[in-house]
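2 protein chains.
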Amino acid sequence: MNYKLTMAYDGTEYHGWQRQKNGITVQEVMENALFRMFGKQTDVTGCSRTDAGVHAKEYVCSFKGETTIPTDKIPTVLNTLLPDDIRAYKCCEVPDDFNARFCTLKKAYEYKILNAPVCDPNLRRNVWHYPIKLDFEEMKKAARILEGKHDFAAFCAAGSMVKSTVRNLMELSLKKEGNIITIRAEGDGFLYNMVRILAGTLVYVGNGKLTKENVKEYLEKKDRRLMGITAPPQGLMLVEVTYGKD
Amino acid sequence: MNYKLTMAYDGTEYHGWQRQKNGITVQEVMENALFRMFGKQTDVTGCSRTDAGVHAKEYVCSFKGETTIPTDKIPTVLNTLLPDDIRAYKCCEVPDDFNARFCTLKKAYEYKILNAPVCDPNLRRNVWHYPIKLDFEEMKKAARILEGKHDFAAFCAAGSMVKSTVRNLMELSLKKEGNIITIRAEGDGFLYNMVRILAGTLVYVGNGKLTKENVKEYLEKKDRRLMGITAPPQGLMLVEVTYGKD
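Chains as they are written, first to last, in the numbering used here: chain A, 1 to 246; chain B, 247 to 492.
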């Protein structure tokens, strides 16, 4: 049976999603839980290879296995086997060719910036604390330039080996509540570090290091070095993953 | 000089505010930072003796000392000496008789309940995850009964040695955003564990173990055992402390 599982995690303690040699990852912990549930090694495919320290409010993974546990009880069983920074919400059976990574139609991320002189200790694991006053209106204007289908090569970290750097960024919106700026990015796919570079670039517009005209020009130049910094991981959260009918 | 300092902390890793033998407390960490700043042992008085695991978004403490550091720079200096789960925001000079504990006019706490089948790992340090569906409207009605000046003996943990258990609960309100219920309690003072027992009692009304009529009756009986459980600490946050003019 092929399963689709919806879950969430606090990425603070993990070296990202993808299994690696140098540190504990969400994928590894998930596969260990599945090993205990199915009684055999089970590979899990995730919808996104989130970086170390990045969180997920809604994450989807898929895996194959055979069990007598009713499908709707799988999250309950997994939650007894998982640490409390990873939770399984919902499980359903999907066709054999469903793959959590390759079947996504769109994904949405939120990036939170706390724009205040001093950090709030109760938010520190989920925001980028940025103490210098940001020009929110200019950031919104720059975001509008980036929305839509573009070659986002300038927003792709070095070392990525993708065939095409063209992506459709359906939404890049900003809202402000108190001193928290939330950037929402929704797209058909994202390049390596793309949302964090988008956030870092919008912050550079907010602090005056870049103008919205620069952003337009540099997007066309496709040069990563011209854009803002890669914003730190803890502000980023995967919030929504959309598939066609499963 | 007598100083009043506004600060905040994530209480997850602390055994509460008050210095004790068995574990690290916020007061101890604060006094260690003040020792390094003033160059001598400095006692700090806090506005509330929060329990282990309870947080503060706005906390006020006072201490006496002599330094050439300009008063408005004291938070910046302290933040270099404090761990990142404690932050100092604002410091001002106050008359010698100002005492952060005894001069409070009112305090406001918020208690957050995540009422959903599975906990959200990114909120787990700041909510009470309560999986059984709660009747929000009944909880609001019960809260209205508790508002005002009453003898809150039924909401005071055993072992407390206060002269009077009469308190004025100026506000006990509830709001619901998505699956998060926030209880706000504002009063001139709170008994030991009072807000957590209020939260536990409102949850007992929400799950049907108590009716609002029971709450009214048991409040008058002044018997702690009749009320709901003491809600877990991590849902509680001190959010506001008010003084007369300093």
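Incorrect hints may appear among the rest.
[Claimed, not checked] With a straight-line Cα cutoff of 27 Å, these simulated DSSO-like cross-link-like pairs (lysine-lysine) come out:
#, chain 1, residue 1, chain 2, residue 2
1, A, K57, B, K379
2, A, K133, B, K319
3, A, K57, B, K421
4, B, K379, A, K73
5, A, K133, B, K303
6, B, K379, A, K90
7, B, K422, A, K57
8, A, K149, A, K216
9, B, K462, B, K395
10, A, K112, B, K303
Simulated from the structure, these hints should not be mistaken for lab results.
We went through each hint and held it up to the structure:
Taking the CA atoms of K57 (chain A) and K379 (chain B), the gap is near 21 Å; set against the 27 Å cutoff, the hint holds. With a C-alpha separation of about 19 Å, the suggested pair K133 (chain A) and K319 (chain B) falls inside the 27 Å cut-off, and the hint holds. This hinted pair checks out: K57 (chain A) and K421 (chain B) have alpha carbons roughly 22 Å apart, not beyond 27 Å. The hinted pair formed by K379 (chain B) and K73 (chain A) meets the criterion: a straight-line CA distance of about 19 Å does not exceed 27 Å.
Between the alpha carbons of K133 (chain A) and K303 (chain B) the distance comes to roughly 21 Å, so the proposed pair stays at or under 27 Å and holds. Between K379 (chain B) and K90 (chain A) the alpha-carbon distance is near 18 Å, which keeps this suggested pair within the 27 Å criterion. Between the alpha carbons of K422 (chain B) and K57 (chain A) the distance comes to roughly 19 Å, so the proposed pair stays at or under 27 Å and holds. For the hint pairing K149 (chain A) with K216 (chain A), the CA-to-CA distance comes to about 13 Å; that is within 27 Å, so the pair holds.
Of the supplied pair hints, the one linking K462 (chain B) and K395 (chain B) holds, its CA atoms being roughly 13 Å apart against a limit of 27 Å. Between the alpha carbons of K112 (chain A) and K303 (chain B) the distance comes to roughly 18 Å, so the proposed pair stays at or under 27 Å and holds.
In this structure, every one of the numbered hints holds.
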